[in-house]
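A.B. asks: Take the sequence shown: its letters are residues 354 to 1155, numbered as in this note's numbering.
Check before you lean on any hint, since a few could be wrong.
[Unchecked claim] In silico lysine-lysine, DSS-like type, Cα no more than 30 angstroms apart, as pairs:
no., residue 1, residue 2
1, K1116, K741
2, K396, K555
3, K668, K921
4, K1131, K1116
5, K602, K757
6, K396, K668
7, K556, K602
8, K602, K555
9, K602, K538
10, K1116, K1141
11, K533, K602
12, K555, K533
13, K1082, K893
14, K1083, K1035
15, K602, K619
16, K587, K556
17, K921, K893
18, K921, K865
19, K1141, K668
20, K668, K619
21, K668, K1131
22, K1082, K1116
23, K587, K538
24, K741, K921
25, K741, K668
26, K757, K1035
27, K538, K555
28, K583, K396
29, K1082, K1035
30, K602, K583
31, K1082, K668
32, K556, K583
33, K893, K835
34, K668, K404
No lab work stands behind these hints, which were simulated from the structure alone. All of these numbers come straight from a predicted model, not from anything done at the bench.
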Amino acid sequence: MGTNGSRLPQIQIQFLHDIREQQHFHQNLELLYVAEGELLVTKAAREYRMKQEDVLLVNSNNSHSLTGQVGLSFLQIHIPYQFLEALGQDGSFAFSCNSTEDSSHSYEEIRRIMKSILFSYVGTPKKTEALRYSYILELLDILIESFQTDTEGDTDSKDQQDEQILQSIIRYVSLNYQEKINLGKLAEQMYTSTSTLSRLFKKNMGCYFGDFVNQVRLDRAVQELTGTDKTVTKIAVDCGFASLAVFNKQFQNAYQMSPTAYRAAKQEEQAAAPSIEGLDEDIKRLHLEPPSGRLRPSGERVAAEIAAGPGTPYKRCWNQVLNAGAAYDLTIGNVQGHITFLHEHLNFQYVRIWNLFSQRMMIRQDSSSRQYNFNALDNVLDFMMAHKMVPYLDFGPRPNCAVKAEGQMVYYEEEYLDFRDADDWEGLFRAFINHIAQRYGRETTAGWIYDFTLDVRYSSLPFCDTQAEVWQLYQRFFRYLKQNLPAAQVGGIGSSYITSPESMALWLTYCKEQDCVPDFLSVVAFPYTQVKSATDYGSKRMAGDQEEARQICQCRELLDQRGLQQCKLFVVEWNSSLSTRNWLNDSCFRGAHFLHVLNQAWDCPDIIGVWMGTDWCSSYYDTSHVANGGNGMLSKDGIRKPIYHALAFLNRMHAGCLQRGPNYIVTANAMNSYYILCYNWKRYSYRYFQQEENDLDVRQLSELFENDEELCLQMTLAGLPEDMRFVVKKRTVNDENGSLLGEWSRFEYDRNLDGRDVQYLRKVCVPRLSMHRQTAEKGRLTLTATLKAHEITLFHVYEDRS
């Protein structure tokens, strides 16, 4: 029985402790969230056992049943078809949302909203239902952005063809229920017989077509009865019934009462609903915590107390790999200068390059010849050796391109050499490995990293027709390196599977069986999901604020679950955007977002490489301005961006981690020295997802986020020597200090700056530095900071020995 039921116009929300619904269907979307216990859901002849915090969605007109188990408490939300119609697509949305079996999506945002709905009933009653409407809309936004399925789909199998026909019938009825509907006419339109359609419908829906049409009309009538003041006669006509008498008879058969009596009963039920206090007690009993995230009051004061000490060791994963570009890029003087600067100033250990076997490197003239010219590659590697850079060589193919937005390119060309087959590729690969071992010495080249990453397109290796052939090629790559450079780190291929844990698990199983387990799994982490079309894959932005960290941690868990604890996890590419024409790449948001992801995925990756070093690698005809939204840490003019300063701040941190929180990381050493790194990261608002990434207005970036409120932090170091005097240095990056876009705004975003202006920007785009002295009173030292939106602040607290 429901402890509390709330009637929203058109939307039904109930918090229930028991349920037993036989197989049925309805036009509503039904969302289920289990707070405690278990709920058994049967749909499409499959059973799903929902446990605590599981989420499951039943699509419109999907036959299903619900059975409550012992100790059950759950939230049930019905969103009517009419509500979906107002959002577009004639309401014909379909979603795949089931946390009991889906590990490729994050459900944290949906869980947060479900808890928010529950907590909206606690305390003082709401004067309106506006807040709950906002939660429902936010839910639908997340579902549409991240969980919507392609209702067309592939039609290779008979089952897929039947499902497409069935959905077409359901959609037709949903749009035409007010009219006279004839199955024979539908059969003619679909070039099949009435009997075939009837059998198909009965088999999949569990009822006859005529009964389904009546049920759709009755569902609409119920919505009208409980949500409007229309007369019963008007409702009968509007819902497609032949007459009032027919409506009354069918309604009586379905609900064992007349429409008028049903309306009255529902009104009485709403008036007699148990009090809000009843749900309040339920939440207390279940020990449910208020949801975190967007419900945090603006300008909240966050306080933390940190016990002084040396801290515990952690992985310094952010300065291991510098993404330099394609091998050809390092033949360009400006790129060499920028990579040298980044390598020296941010202390990167490895410098990663790819597309070694590029047409632009002029390695061979035709595929029939086994004569190779490695002069251009030698030039690149000699440059790296001269500057004490350790090469990280990625042998996987990738296009030479610059991305505007999802599915849009500034330019695109495949630059990887054409190979007749895998043997042809392996011949060049072996020749190159032997060449570098002879030129630089086996001891030196054994210290390099060798990777073989792939994107989601198997077409990127046209000489491999199947997944199995790609895996076999990796096996040959791995074994040859281990035979010739046994101490070298060899890994790869995982980048194409980060959004598909099942595929990654299959590949790891293959590696174990074939004795070619990589030294590291290389993956990429961007806040996108891969969407498969009929011919290729595309990227779609994801709304979840924990998606990158979830993917990274999931990869680590996958390795551990398969007994591969020794296999390292390299996140070789991370960025908040795939676009190379997105102003947010130049903004403080990107630096704060990196810290947010790093803090969430703490100690999961062994390497996390920012994508990428310099904007020069995506320079084109349209990049003539001082900033262009490129994804480098340096602009094409060598101006340091906030993401650069975020890494520079991290490099200053001590080796012992004392404490972490949602907005801070505290490190220490044994000499009474402490670093406190704080940031005020903001989530995207819906506006960001409504625009193409390359169409953002540089003057209105603040409108892309949930709010621009300040965050007040109070950090107290406790357990310090009494009355010890400390120096407190503070470094700050925000829109007013150290920001490329902030400084450019003072030039009114002029696109024709001269050389002296650019030189000025190079000098001023640095953090603001201040200092004061402070005494630890009774062994406690309290620091306060008010951070602007996306501000990053680094405190250095150390003993004053002057």
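A.B. asks: Taking 30 angstroms as the top limit, are the C-alpha atoms of K921 and K893 close enough?
C.D. replies: Roughly 28 angstroms separates the two Cα atoms, so the pair holds.
A.B. asks: Quick one, are K668 and K921 close enough, alpha carbons at most 30 angstroms?
C.D. replies: Holds, because 12 angstroms separates the two Cα atoms, which is no more than 30 angstroms.
A.B. asks: Check the hint pairing K555 with K533 against an upper bound of 30 angstroms on the C-alpha distance.
C.D. replies: holds, 20 angstroms
A.B. asks: Would the pair K583 and K396 pass a check requiring their Cα atoms to be no farther apart than 30 angstroms?
C.D. replies: Violated: K583 and K396 sit about 35 angstroms apart, past 30 angstroms.
A.B. asks: Hint check: K602 vs K619, CA-CA at most 30 angstroms. Holds or violated?
C.D. replies: Answer holds: K602 to K619 is near 19 angstroms, not above 30 angstroms.
A.B. asks: Under the criterion that the straight-line Cα-Cα distance not exceed 30 angstroms, is the pair K668, K1131 satisfied?
C.D. replies: violated, 33 angstroms
A.B. asks: Would you check the hint for K741 and K668, treating anything up to 30 angstroms between C-alpha atoms as holding?
C.D. replies: Roughly 23 angstroms between the alpha carbons, so the hint for K741 and K668 holds.
A.B. asks: Do the alpha carbons of K396 and K555 lie within 30 angstroms of each other, as the hint requires?
C.D. replies: holds, 15 angstroms
A.B. asks: Check the hint pairing K533 with K602 against an upper bound of 30 angstroms on the C-alpha distance.
C.D. replies: holds, 18 angstroms
A.B. asks: Next pair to validate is K602 with K757; report whether the Cα-Cα distance is within 30 angstroms.
C.D. replies: Distance ~59 angstroms between K602 and K757 Cα, so the pair is violated.
A.B. asks: Within 30 angstroms, alpha carbon to alpha carbon, are K1082 and K1116?
C.D. replies: Between K1082 and K1116 the Cα gap is close to 21 angstroms, so the pair holds against 30 angstroms.
A.B. asks: Please work out if K1141 and K668 have their alpha carbons no farther apart than 30 angstroms.
C.D. replies: holds, 29 angstroms
Figure legend: structure checked against the earlier numbered hints; hints not met, in rising order: 4, 5, 6, 13, 16, 20, 21, 28, 32, 33 and 34.
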